[in-house]
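Working from the sequences, and respecting the hints, build out all of it.
There are 2 protein chains.
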Amino acid sequence: MTEGTPTSSRLSRRALLGGGAVLAGTTLGGGVVGHAVGALGNGRSETMPSTDGVAGPGAAGRPGSDAVAGKATEPFWGAHQSGIATPHQAHGVFLGFDLRRGADANSVRSMLRMLTDDAARLTAGRGPLGAVDAELATTPARLTVTFGFGVGLFDAIGKPEACPPHVRSMPAFRTDRLDRRWGSTDLLLQVCSEDPMTLTFAERRLVRDASDFATLRWAQRGFLPARGTEPDGTTPRNLMGMRDGTANESDPNEVAAVLWNDGSTHPWLAGGSQLVLRRIRIDMATWDDLEIEAKEVAFGRRVADGSPLNGSKESDSIDREAVDEQGFTIISPTAHAARAQARSGRERMIRRPYNYAVDTETGTETGTEEGLLFAAYQADLGTAFVPVQRRLAESDALNTWTTHIGSASYAIPPGAKEGSFVGDTLLRA
Amino acid sequence: MTEGTPTSSRLSRRALLGGGAVLAGTTLGGGVVGHAVGALGNGRSETMPSTDGVAGPGAAGRPGSDAVAGKATEPFWGAHQSGIATPHQAHGVFLGFDLRRGADANSVRSMLRMLTDDAARLTAGRGPLGAVDAELATTPARLTVTFGFGVGLFDAIGKPEACPPHVRSMPAFRTDRLDRRWGSTDLLLQVCSEDPMTLTFAERRLVRDASDFATLRWAQRGFLPARGTEPDGTTPRNLMGMRDGTANESDPNEVAAVLWNDGSTHPWLAGGSQLVLRRIRIDMATWDDLEIEAKEVAFGRRVADGSPLNGSKESDSIDREAVDEQGFTIISPTAHAARAQARSGRERMIRRPYNYAVDTETGTETGTEEGLLFAAYQADLGTAFVPVQRRLAESDALNTWTTHIGSASYAIPPGAKEGSFVGDTLLRA
Numbered sequence: 001m002t003e004g005t006p007t008s009s010r011l012s013r014r015a016l017l018g019g020g021a022v023l024a025g026t027t028l029g030g031g032v033v034g035h036a037v038g039a040l041g042n043g044r045s046e047t048m049p050s051t052d053g054v055a056g057p058g059a060a061g062r063p064g065s066d067a068v069a070g071k072a073t074e075p076f077w078g079a080h081q082s083g084i085a086t087p088h089q090a091h092g093v094f095l096g097f098d099l100r101r102g103a104d105a106n107s108v109r110s111m112l113r114m115l116t117d118d119a120a121r122l123t124a125g126r127g128p129l130g131a132v133d134a135e136l137a138t139t140p141a142r143l144t145v146t147f148g149f150g151v152g153l154f155d156a157i158g159k160p161e162a163c164p165p166h167v168r169s170m171p172a173f174r175t176d177r178l179d180r181r182w183g184s185t186d187l188l189l190q191v192c193s194e195d196p197m198t199l200t201f202a203e204r205r206l207v208r209d210a211s212d213f214a215t216l217r218w219a220q221r222g223f224l225p226a227r228g229t230e231p232d233g234t235t236p237r238n239l240m241g242m243r244d245g246t247a248n249e250s251d252p253n254e255v256a257a258v259l260w261n262d263g264s265t266h267p268w269l270a271g272g273s274q275l276v277l278r279r280i281r282i283d284m285a286t287w288d289d290l291e292i293e294a295k296e297v298a299f300g301r302r303v304a305d306g307s308p309l310n311g312s313k314e315s316d317s318i319d320r321e322a323v324d325e326q327g328f329t330i331i332s333p334t335a336h337a338a339r340a341q342a343r344s345g346r347e348r349m350i351r352r353p354y355n356y357a358v359d360t361e362t363g364t365e366t367g368t369e370e371g372l373l374f375a376a377y378q379a380d381l382g383t384a385f386v387p388v389q390r391r392l393a394e395s396d397a398l399n400t401w402t403t404h405i406g407s408a409s410y411a412i413p414p415g416a417k418e419g420s421f422v423g424d425t426l427l428r429a
Numbered sequence: 001m002t003e004g005t006p007t008s009s010r011l012s013r014r015a016l017l018g019g020g021a022v023l024a025g026t027t028l029g030g031g032v033v034g035h036a037v038g039a040l041g042n043g044r045s046e047t048m049p050s051t052d053g054v055a056g057p058g059a060a061g062r063p064g065s066d067a068v069a070g071k072a073t074e075p076f077w078g079a080h081q082s083g084i085a086t087p088h089q090a091h092g093v094f095l096g097f098d099l100r101r102g103a104d105a106n107s108v109r110s111m112l113r114m115l116t117d118d119a120a121r122l123t124a125g126r127g128p129l130g131a132v133d134a135e136l137a138t139t140p141a142r143l144t145v146t147f148g149f150g151v152g153l154f155d156a157i158g159k160p161e162a163c164p165p166h167v168r169s170m171p172a173f174r175t176d177r178l179d180r181r182w183g184s185t186d187l188l189l190q191v192c193s194e195d196p197m198t199l200t201f202a203e204r205r206l207v208r209d210a211s212d213f214a215t216l217r218w219a220q221r222g223f224l225p226a227r228g229t230e231p232d233g234t235t236p237r238n239l240m241g242m243r244d245g246t247a248n249e250s251d252p253n254e255v256a257a258v259l260w261n262d263g264s265t266h267p268w269l270a271g272g273s274q275l276v277l278r279r280i281r282i283d284m285a286t287w288d289d290l291e292i293e294a295k296e297v298a299f300g301r302r303v304a305d306g307s308p309l310n311g312s313k314e315s316d317s318i319d320r321e322a323v324d325e326q327g328f329t330i331i332s333p334t335a336h337a338a339r340a341q342a343r344s345g346r347e348r349m350i351r352r353p354y355n356y357a358v359d360t361e362t363g364t365e366t367g368t369e370e371g372l373l374f375a376a377y378q379a380d381l382g383t384a385f386v387p388v389q390r391r392l393a394e395s396d397a398l399n400t401w402t403t404h405i406g407s408a409s410y411a412i413p414p415g416a417k418e419g420s421f422v423g424d425t426l427l428r429a
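Which chain is which? The protein sequence lines are W and L, in order.
For the first sequence, UniProt numbering gives the first residue as 1, with consecutive numbering after it.
For the second sequence, UniProt numbering gives the first residue as 1, with consecutive numbering after it.
Careful: at least some of the hints might be erroneous.
Stated by the list, open to error - With a straight-line Cα cutoff of 20 Å, these simulated DMTMM-like cross-link-like pairs (lysine to aspartate or glutamate) come out:
(1) Lys71/W - Asp305/L
(2) Lys313/W - Asp305/L
(3) Lys417/W - Asp262/W
(4) Lys313/W - Glu293/W
(5) Lys313/L - Glu293/L
(6) Lys313/L - Asp251/L
(7) Lys71/L - Asp305/W
(8) Lys313/L - Glu135/W
(9) Lys159/L - Asp424/L
(10) Lys71/L - Asp155/L
(11) Lys159/L - Asp232/L
(12) Lys417/L - Asp262/L
(13) Lys313/W - Asp251/W
(14) Lys159/W - Asp104/W
(15) Lys71/W - Asp232/L
(16) Lys71/L - Asp232/W
(17) Lys71/W - Glu135/W
(18) Lys159/W - Glu325/W
Since the hints were derived computationally from the structure, they do not count as laboratory data.
This is the structure we're talking about:
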């Protein structure tokens with residue numbers, strides 16, 4: 001081997017799963033799709049056992065240190081997609097794709113079959129079909145791949161009415177400073193793993209296999225504090241130094257009630273969810289200069305342990321009515337935790353955010369933009385995120401330092417049964 | 001607190017360490033510098049005990065999983081800087097600064113005193129002087145901050161002759177496709193930690209405190225496989241899937257012989273080192289499509305365990321002369337491991353690379369550039385990196401997929417004695 005001629009294996013990949021035919025301008029019939037299903041089925045014995053996907057205790061928390069070995073896997077097949085109630089992995093990337101011109105239900109179905117197959121294999125620690133070297137796939141480290149559908153996908157497949165209203169159109173909020181660059185795309189893949197190498201490999205392969213059908217408009221990558229930095233079970237800090245995610249439910253039944261859509265208005269979405277992804281830039285320079293007491297007033301919680309100012313430990317509830325000896329409310333009415341607190345069970349979300357830091361260039365000088373990829377799952381955006389964000393936009397002491405610069409929302413299909421594909425309930429003829 | 005007025009604490013910071021005076025256009029006299037040293041000295045009781053900085057077994061390897069708690073620290077003060085022979089942390093960022101116009105020996109000295117103080121505090125788990133909230137500093141997670149001096153710094157302080165020749169000018173190599181964007185800067189800070197949150201916090205504070213004196217031209221951030229993904233002691237894979245760093249010495253005496261300059265030609269550099277940082281883009285799409293046997297021929301090592309093709313385990317030496325039954329050399333003469341192998345003890349380096357993946361925009365489409373931040377320390381670039389890279393540029397099977405797009409080189413000053421500052425031996429009047 002002195003010349004290193006690359007050996008392409010993409011043709012067989014395409015032949016098996018039907019990707020190449022779209023490039024050639026033809027639409028695939030049922031026969032080839034049937035072949036694809038057969039190819040998927042052949043992998044069954046190697047995949048993880050199916051589970052019902054209901055989160056156990058610690059949902060959206062973080063697993064213990066002993067659970068992060070490279071071989072650890074999360075289930076892929078099941079009633080719900082993984083990566084939602086799944087304990088929060090240390091690294092994540094959100095990949096926003098737009099369908100190529102001319103996409104229709106058939107091509108979207110082919111794409112979803114292929115990406116489902118990729119995701120099932122990668123999350124089980126195997127290379128995607130046709131990959132000649134899967135060394136980097138062998139340490140999934142709790143890899144999950146979660147699919148979301150944006151408004152453009154519903155229109156492309158000719159089912160605009162199947163799109164939930166707040167996925168179609170998110171209301172404008174007073175404090176929005178949105179850059180269309182980070183807006184909703186036709187397809188979202190949320191990829192999470194304990195290992196940034198695995199994440200990079202999975203991203204590369206998914207983008208590549210999607211490329212016949214869709215182009216990547218944005219990739220938003222983030223991280224949590226490294227596992228082991230603090231004792232297991234500690235709520236991770238965000239870049240503002242505050243513990244983030246305290247208010248998440250942990251009881252599995254409550255988690256399920258918050259997350260899973262019942263399909264009453266959009267039957268195909270039963271067992272699915274809805275996701276909003278907000279890119280929130282934080283002005284760290286001025287935040288860093290704020291005295292700790294002022295930070296705690298703005299948050300309504302203590303920096304050290306995340307406890308509410310009206311309580312003594314992190315698990316204590318925010319009490320907006322509690323008063324001090326002078327009769328003043330202990331928690332400021334404009335404190336973030338007070339404004340964000342759910343006013344009813346329907347306003348609850350499961351927050352699954354990642355911190356981000358990206359280098360930005362301005363002329364010859366480089367700066368770093370820091371912030372939060374606020375990702376929150378819920379059964380219905382209209383009853384949870386929308387009223388909460390409206391309240392925060394009206395008044396939130398943190399608005400001085402935080403700016404929402406991106407917003408994207410997606411319908412999250414239910415999980416797929418083994419041998420089927422994610423989106424089957426929507427794309428079924 | 002409803003308005004959140006930022007409370008600046010920078011003035012006291014500047015007054016203590018002299019940064020502000022430069023902005024005001026005055027040069028600091030010995031009295032104020034004396035004050036600064038006093039301020040540094042006051043922190044002594046809180047700092048880590050000094051060590052001689054000689055690496056123990058496992059130098060440039062990785063520590064065991066039990067050593068990654070957030071409170072774990074690396075020494076800052078000592079005969080050598082940390083971050084060189086220090087076991088390789090999971091996350092790293094290289095920060096390239098250019099001095100502001102008009103910099104001279106006095107302002108550079110003030111800058112180095114301030115950044116030394118920041119680095120000493122941050123690596124010990126404390127906030128920089130004047131920071132009102134150091135919550136994110138309390139988990140250093142083996143944070144190190146390593147200083148490097150580029151040619152522009154030597155010229156600015158009026159000591160051009162103190163700059164080692166290959167720091168002043170790196171020869172061009174046949175395969176170079178260098179983008180000046182990633183070229184040598186006046187100052188380098190290599191910041192490494194097990195935790196990306198800590199890294200982000202340290203970067204933000206160092207860039208901020210440097211900003212009176214220098215602007216950030218580039219930041220190059222990278223990662224290794226997550227700790228715990230593979231058993232402790234496993235050589236980490238790079239994004240090509242190959243184990244990277246196998247050839248590094250591990251015996252502390254050999255490590256010291258490779259790393260530390262003896263000061264024979266540049267006395268101020270005794271106990272210091274030299275660093276080359278090459279940004280190497282990798283064409284992953286074509287590499288992924290290559291059969292595993294072809295990859296192994298190109299590397300000269302096996303993908304699975306990193307063993308040389310002429311041996312059976314990773315620690316076996318590359319034997320360029322070994323032949324098979326037909327009399328052909330087992331390792332191709334153009335294999336990377338064969339071409340890169342040190343031809344003498346003087347050609348050895350300690351490789352301390354990070355993988356990188358950055359999203360790139362081309363019109364409306366986003367792609368990901370992947371590659372390696374090849375960082376290698378050695379006593380003298382002219383006897384180690386330069387001849388090795390010349391050989392690789394002449395012929396290396398990997399050149400088909402790898403492109404050197406950035407090159408920066410630095411003199412690495414020796415470590416500082418507690419109460420002194422990094423660069424003292426160069427800046428001493």
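Failing hints, ascending?
-> Per hint list: 2, 10, 11 and 18 violated.
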